[in-house]
Amino acid sequence: SQTIHQWPATLVQPVGSPLSLECTVEGTSNPNLYWYRQAAGRGLQLLFYSVGIGQISSEVPQNLSASRPQDRQFILSSKKLLLSDSGFYLCAVTGTPSSGNTIYFGEGSWLTVV
Amino acid sequence: GEDVEQSLFLSVREGDSSVINCTYTDSSSTYLYWYKQEPGAGLQLLTYIFSNMDMKQDQRLTVLLNKKDKHLSLRIADTQTGDSAIYFCAALSGGSYIPTFGRGTSLIVHP
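Protein chains in written order, with this note's numbering: chain C, 1 to 114; chain W, 1 to 111.
Derived by calculation from the structure, the hints in this document are not laboratory data. Please read all numbers here as calculations on a predicted model, not as lab measurements. It is possible that some hints are incorrect.
Said to hold, decoys possible - Which residues of chain W face chain C? A few of them, derived with a C-beta cut under 8 Å, are:
1. Tyr31
2. Leu43
3. Leu45
4. Leu46
5. Tyr48
6. Phe50
7. Tyr97
8. Phe101
Unchecked claim - DEER-style ranges, computed between Cβ atoms:
9. C:Ser57 - W:Asp58: 11 to 21 Å
10. C:Gly54 - W:Gln80: 38 to 48 Å
11. W:Pro111 - C:Gly54: 22 to 32 Å
12. W:Gly15 - C:Ala39: 28 to 38 Å
13. W:Gln57 - C:Pro69: 38 to 48 Å
14. C:Thr10 - W:Asp3: 31 to 41 Å
15. W:Gly95 - C:Ala39: 27 to 37 Å
16. C:Thr3 - W:Gly40: 18 to 28 Å
17. W:Arg60 - C:Ser84: 34 to 44 Å
18. W:Asp78 - C:Gly54: 41 to 51 Å
19. W:His71 - C:Gln45: 21 to 31 Å
20. W:His71 - C:Val12: 21 to 31 Å
What the hints assert, rightly or not - If you want the ones that stay clear, here's a sample from chain W, every Cβ over 12 Å from chain C, calculated:
21. Thr30
22. Met55
23. Lys68
24. His71
25. Arg75
26. Gln80
27. Ala90
28. Thr100
Ideal Cβ placement from N, Cα and C applies to all residues, glycine included.
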């Protein structure tokens, strides 16, 4: 089964500073990868997904970008953070069809922009 | 597109059964999922059901699917304080690889 590593777990960043959240996956190859954000209202918002190296689809236009430099690495970035970027960021990976195409989540990264 | 709805809160007494309900709109949904999120943690998959099934049981968890009404429920038997969490329902439409999530139901278990 796949393992998702996500870091940093917690960070506090000033407005206008850059951001880099990293996610790596073990135990699978050529996975679909996702970045979600969970704000105070609890709902999950899909930010980006990727079906392969260098292939990024953006679901919501905003201050963030994503990159997939390697098959099992997915990075969420920002050049200048806004207060509204605060939230809980979750990386996720799709399992195999035998597991119901389930999406598995990492432990998340808490971002507070001050 | 798919829309998934679930009530926001449920309060139960320890030892009772909990039933969390969810509705979805896309009749072509192939897989339906239940996730649990404890405070400060990621979402943990509890179980999933394929759309050609009516019921799935796994220890204290029972999932019921009414495909005609597009209604999914999660029953937790003998609810414990450790079951207090947010429970998310999700549906995967046929041909898609991006499930749609509900907003989550906060389950509060009190003694």
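For each hint, the structure was consulted:
This hint holds: Tyr31 (chain W) has a C-beta 5 Å from the nearest C-beta of chain C, less than the 8 Å allowed. Checking Leu43 (chain W) against chain C: minimum C-beta separation of about 4 Å stays under 8 Å; hint holds. Checking Leu45 (chain W) against chain C by beta carbon gives a least distance of about 6 Å; that is within 8 Å, so the hint holds. At its closest, the beta carbon of Leu46 (chain W) sits 11 Å from a beta carbon of chain C; the interface hint therefore is violated under the 8 Å criterion.
About 4 Å separates the beta-carbon of Tyr48 (chain W) from the nearest beta-carbon of chain C, less than 8 Å, and the hint is met. Interface hint at Phe50 (chain W): satisfied, since its Cβ lies 7 Å from the closest Cβ of chain C, which is below the 8 Å cut-off. Nearest Cβ of chain C to the Cβ of Tyr97 (chain W): about 6 Å, under the 8 Å cut. The hint holds. Taking 8 Å as the C-beta contact cut-off toward chain C, the hint placing Phe101 (chain W) at the interface holds, the least distance being around 5 Å.
The hint said 11 to 21 Å for the Cβ distance between Ser57 (chain C) and Asp58 (chain W), and at roughly 33 Å that hint is violated. In this structure, Gly54 (chain C) and Gln80 (chain W) meet the distance hint of 38 to 48 Å, their C-beta atoms being roughly 46 Å apart. The hinted range of 22 to 32 Å is not satisfied by Pro111 (chain W) and Gly54 (chain C), whose Cβ atoms lie roughly 53 Å apart. Judged by the Cβ atoms, the range 28 to 38 Å given for Gly15 (chain W) and Ala39 (chain C) holds: they are separated by roughly 34 Å.
The supplied range of 38 to 48 Å is met by Gln57 (chain W) and Pro69 (chain C), whose beta-carbon atoms lie about 43 Å from each other. Judged by the Cβ atoms, the range 31 to 41 Å given for Thr10 (chain C) and Asp3 (chain W) holds: they are separated by roughly 33 Å. Distance hint check for Gly95 (chain W) and Ala39 (chain C): the Cβ-Cβ separation is about 29 Å, which falls inside the suggested range of 27 to 37 Å. A hinted range of 18 to 28 Å holds for the C-beta pair Thr3 (chain C) and Gly40 (chain W), which are about 19 Å apart.
The hint said 34 to 44 Å for the Cβ distance between Arg60 (chain W) and Ser84 (chain C), and at roughly 40 Å that hint holds. The beta-carbon spacing between Asp78 (chain W) and Gly54 (chain C), approximately 49 Å, falls within the hinted interval of 41 to 51 Å. About 25 Å separates the C-beta atoms of His71 (chain W) and Gln45 (chain C), a value consistent with the hinted range of 21 to 31 Å. Range check, His71 (chain W) to Val12 (chain C): Cβ separation about 42 Å, and the 21 to 31 Å hint is violated.
With a cut of 12 Å on Cβ distances, Thr30 (chain W) falls inside the contact zone with chain C, its closest approach being about 8 Å. Here Met55 (chain W) stays apart from chain C, with its beta-carbon at least about 16 Å from theirs, past the 12 Å limit. The Cβ of Lys68 (chain W) lies farther than 12 Å from every Cβ of chain C, with a closest approach of about 21 Å, so its non-interface assignment holds. His71 (chain W), annotated as away from the interface, keeps every beta carbon of chain C farther than 12 Å; the closest lies near 19 Å.
Against the 12 Å criterion, Arg75 (chain W) stays outside the reach of chain C, whose nearest CB is about 19 Å from its own CB. No Cβ of chain C approaches the Cβ of Gln80 (chain W) within 12 Å, the least distance being about 22 Å, so the stated non-interface status holds. Ala90 (chain W), annotated as away from the interface, has a beta carbon of chain C within 12 Å; the closest lies near 8 Å. A beta-carbon of chain C is positioned within 12 Å of the beta-carbon of Thr100 (chain W); the least distance is around 9 Å.
Checked against the numbered hints given earlier, this structure breaks hints 4, 9, 11, 20, 21, 27, 28; the rest are met.
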